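S.K.: Given only the sequences and the hints, what does the whole structure look like? Please build it.
Taken in order, these protein sequences are the chains called V and F.
Be aware that the first sequence starts at 1, since it is given in UniProt numbering, and climbs by one per residue.
Be aware that the second sequence starts at 1, since it is given in UniProt numbering, and climbs by one per residue.
Fair warning: there could be bad hints in the mix.
As the list makes no split between identical chains, a pair holds if one copy fits it or if it spans any two.
[What the hints assert, rightly or not] DMTMM-like, lysine to aspartate or glutamate: derived pairs with alpha carbons at most 20 Å apart:
no.	residue 1	residue 2
1	114	323
2	304	323
3	48	261
4	231	261
5	223	261
6	203	237
7	84	248
8	84	139
9	329	83
10	187	237
Derived by calculation from the structure, the hints in this document are not laboratory data.
Nothing here was measured: the structure is a model prediction, and the numbers come from that model.
Number of protein chains: 2
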Amino acid sequence: MKRSQIALAIACALSAPLFAAAPAADEPIEVIRPPQNINLGMVELGKKLYFDPRLSKSGFISCNSCHNLSMGGTDNIPTSIGDKWQQGPINAPTVLNSSLNVAQFWDGRAADLKAQAGGPIANPGEMGFTHTLAVNVLESIPGYVREFAQVFGSGKIDIEQVTSAIAEFEKTLVTPNSRFDQWLLGKADALTAQEQVGYQLFKSSGCVACHNGAAVGGNSFQKMGVVEPYKATSPAEGRSAVTGQDIDRFSFKVPTLRNVEMTYPYFHDGAANTLTEAVDIMGRLQLGRTFNAEENASIVAFLKTLTGDQPSFTLPILAPSSDSTPRPKPF
Amino acid sequence: MKRSQIALAIACALSAPLFAAAPAADEPIEVIRPPQNINLGMVELGKKLYFDPRLSKSGFISCNSCHNLSMGGTDNIPTSIGDKWQQGPINAPTVLNSSLNVAQFWDGRAADLKAQAGGPIANPGEMGFTHTLAVNVLESIPGYVREFAQVFGSGKIDIEQVTSAIAEFEKTLVTPNSRFDQWLLGKADALTAQEQVGYQLFKSSGCVACHNGAAVGGNSFQKMGVVEPYKATSPAEGRSAVTGQDIDRFSFKVPTLRNVEMTYPYFHDGAANTLTEAVDIMGRLQLGRTFNAEENASIVAFLKTLTGDQPSFTLPILAPSSDSTPRPKPF
Numbered sequence: 001m002k003r004s005q006i007a008l009a010i011a012c013a014l015s016a017p018l019f020a021a022a023p024a025a026d027e028p029i030e031v032i033r034p035p036q037n038i039n040l041g042m043v044e045l046g047k048k049l050y051f052d053p054r055l056s057k058s059g060f061i062s063c064n065s066c067h068n069l070s071m072g073g074t075d076n077i078p079t080s081i082g083d084k085w086q087q088g089p090i091n092a093p094t095v096l097n098s099s100l101n102v103a104q105f106w107d108g109r110a111a112d113l114k115a116q117a118g119g120p121i122a123n124p125g126e127m128g129f130t131h132t133l134a135v136n137v138l139e140s141i142p143g144y145v146r147e148f149a150q151v152f153g154s155g156k157i158d159i160e161q162v163t164s165a166i167a168e169f170e171k172t173l174v175t176p177n178s179r180f181d182q183w184l185l186g187k188a189d190a191l192t193a194q195e196q197v198g199y200q201l202f203k204s205s206g207c208v209a210c211h212n213g214a215a216v217g218g219n220s221f222q223k224m225g226v227v228e229p230y231k232a233t234s235p236a237e238g239r240s241a242v243t244g245q246d247i248d249r250f251s252f253k254v255p256t257l258r259n260v261e262m263t264y265p266y267f268h269d270g271a272a273n274t275l276t277e278a279v280d281i282m283g284r285l286q287l288g289r290t291f292n293a294e295e296n297a298s299i300v301a302f303l304k305t306l307t308g309d310q311p312s313f314t315l316p317i318l319a320p321s322s323d324s325t326p327r328p329k330p331f
Numbered sequence: 001m002k003r004s005q006i007a008l009a010i011a012c013a014l015s016a017p018l019f020a021a022a023p024a025a026d027e028p029i030e031v032i033r034p035p036q037n038i039n040l041g042m043v044e045l046g047k048k049l050y051f052d053p054r055l056s057k058s059g060f061i062s063c064n065s066c067h068n069l070s071m072g073g074t075d076n077i078p079t080s081i082g083d084k085w086q087q088g089p090i091n092a093p094t095v096l097n098s099s100l101n102v103a104q105f106w107d108g109r110a111a112d113l114k115a116q117a118g119g120p121i122a123n124p125g126e127m128g129f130t131h132t133l134a135v136n137v138l139e140s141i142p143g144y145v146r147e148f149a150q151v152f153g154s155g156k157i158d159i160e161q162v163t164s165a166i167a168e169f170e171k172t173l174v175t176p177n178s179r180f181d182q183w184l185l186g187k188a189d190a191l192t193a194q195e196q197v198g199y200q201l202f203k204s205s206g207c208v209a210c211h212n213g214a215a216v217g218g219n220s221f222q223k224m225g226v227v228e229p230y231k232a233t234s235p236a237e238g239r240s241a242v243t244g245q246d247i248d249r250f251s252f253k254v255p256t257l258r259n260v261e262m263t264y265p266y267f268h269d270g271a272a273n274t275l276t277e278a279v280d281i282m283g284r285l286q287l288g289r290t291f292n293a294e295e296n297a298s299i300v301a302f303l304k305t306l307t308g309d310q311p312s313f314t315l316p317i318l319a320p321s322s323d324s325t326p327r328p329k330p331f
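M.R.: Printed below as a string of structure tokens:
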């Protein structure tokens, strides 16, 4: 770097606070960005599949039933309702910003969104169907046959195409433009004083050690109950089910805190109803720190600034079944 | 009318066939028209309520669960799934164009959409909630409190407001611009030859006696099984449950045939899976007429021209619950 460039760089650095739009590059939480390299035809097809309950045995449950895009990409109940009202074993994680996760499901057993999308369809406790039957249904619906051919250029529908399209739609479910992101991008008054205090506490007390990056989480597995054990209401043992290693017992994917105001109840068992409760438990169990009421309220206030623009799209209209479409079995 | 006006009127009448856009005023089926006199604020609020499963005990079932606007305003299963997967007693009628119905429900027990909207919320076999609990939930959600105040100018939410808003949204669920309507409005090539043959058969064989008007039905109650008795799979007895009159046994509201391609399965018990089957049964039981395969196919082809523009709107985003919101009871 030449001397004149160095001088310019220093001048810019010193004057940075004057530039309202200068990004805060040194923060452990990054601005979340709209998706790129999206296959639009695949997205539109995936959106239909995401909303189509004909991918379930009953004809009643779609992806959107438990990952409801009207409600933060989740179902807002502790554990989900599956085929014949079976009680699910674990809290439905939000689909919002899930493309940023290191892996999918609480235990990370699916490498990516495509691998995840096939899971619930064939899970007897969730949509209760099989991949073969789901594809049979789609192949009997002329509207889908045309759209799959258009998108994939093949005359035959397969489950790989189905999960690819759903995953491509899910990649679009990113929530930019939260007040926190506006602040990161230099809009100093986007956060109140209390929210800024909450963010400083979030960093100084150690929350940020796990909840960092663009999704404020989602990028590592951590033990639930580090300082004190967590008394779970669910038998889920987490990552050890995937690795077979005892050291991974009760290790779960760190959930994203983006839109956390909307994704209650909290934790893998959905046992915490409110952010106040979740922050208190996390502080004590993970950090050995009891936040007083004011500190807790500040952190909660900060967390609520992470609510971004929710995905906005027209409700898809699904092509009708044909006479040859196998009928659902709801009862 | 002056002589010159009469001459003009005659000239116009004689030359009508030359005007492709002249409406076919003498047809028993009328063009369906977009809704008028709509309160837009109430519609937007009602749309949110329509999609909000927090109006159910479980937090899982919304109006849209059984009257799914991605699927012709119905659930495409014979009878609906209610709280704890209870099997409903009757097929969910489409919500599309339901503002045109003479009354609501198959037995007409609700006078209008507003009276209907409160039914499923408090029905133990459907959403399983109570009006009081539903209002309590809404009153605990700041986003709703603000929107109800804005729309109704009152500081307090009540069930009348809730059902009024849902009904106002439902009034917008009209499906204009079907190919049949385009034909009615003078676009002669909007229907194929087979579809026109089907329509003529629909009229000449008597279907149109009950399925007429803008909704092609919905405007009268008729006995199911006039010439031959209908062997129902459901115990529903229809209109007699409302009137107490034995003569009304097995009398049901004539369903609209608008979008009938999308609203399978058919009849109050959802026993007919296909239009072919439904047309055959209706012909024999109501009209004493057995349509041959070609006649049946023509009528079915005509019926499929009644699919109109489906309601197009952005999926609503629901305001999150607050710490004081009573939590749903899914299990």
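S.K.: Each hint should be assessed against the structure and marked as holding or not.
M.R.: Evaluation of the provided hints:
no.: 1; hint: 114 to 323; result: neither (30 Å within a copy, 35 Å between copies)
no.: 2; hint: 304 to 323; result: between (49 Å within a copy, 13 Å between copies)
no.: 3; hint: 48 to 261; result: between (27 Å within a copy, 18 Å between copies)
no.: 4; hint: 231 to 261; result: neither (23 Å within a copy, 52 Å between copies)
no.: 5; hint: 223 to 261; result: neither (23 Å within a copy, 53 Å between copies)
no.: 6; hint: 203 to 237; result: neither (28 Å within a copy, 66 Å between copies)
no.: 7; hint: 84 to 248; result: neither (32 Å within a copy, 35 Å between copies)
no.: 8; hint: 84 to 139; result: neither (25 Å within a copy, 31 Å between copies)
no.: 9; hint: 329 to 83; result: both (10 Å within a copy, 17 Å between copies)
no.: 10; hint: 187 to 237; result: neither (42 Å within a copy, 65 Å between copies)
Hint violations for this structure: numbers 1, 4, 5, 6, 7, 8 and 10, all remaining hints satisfied.
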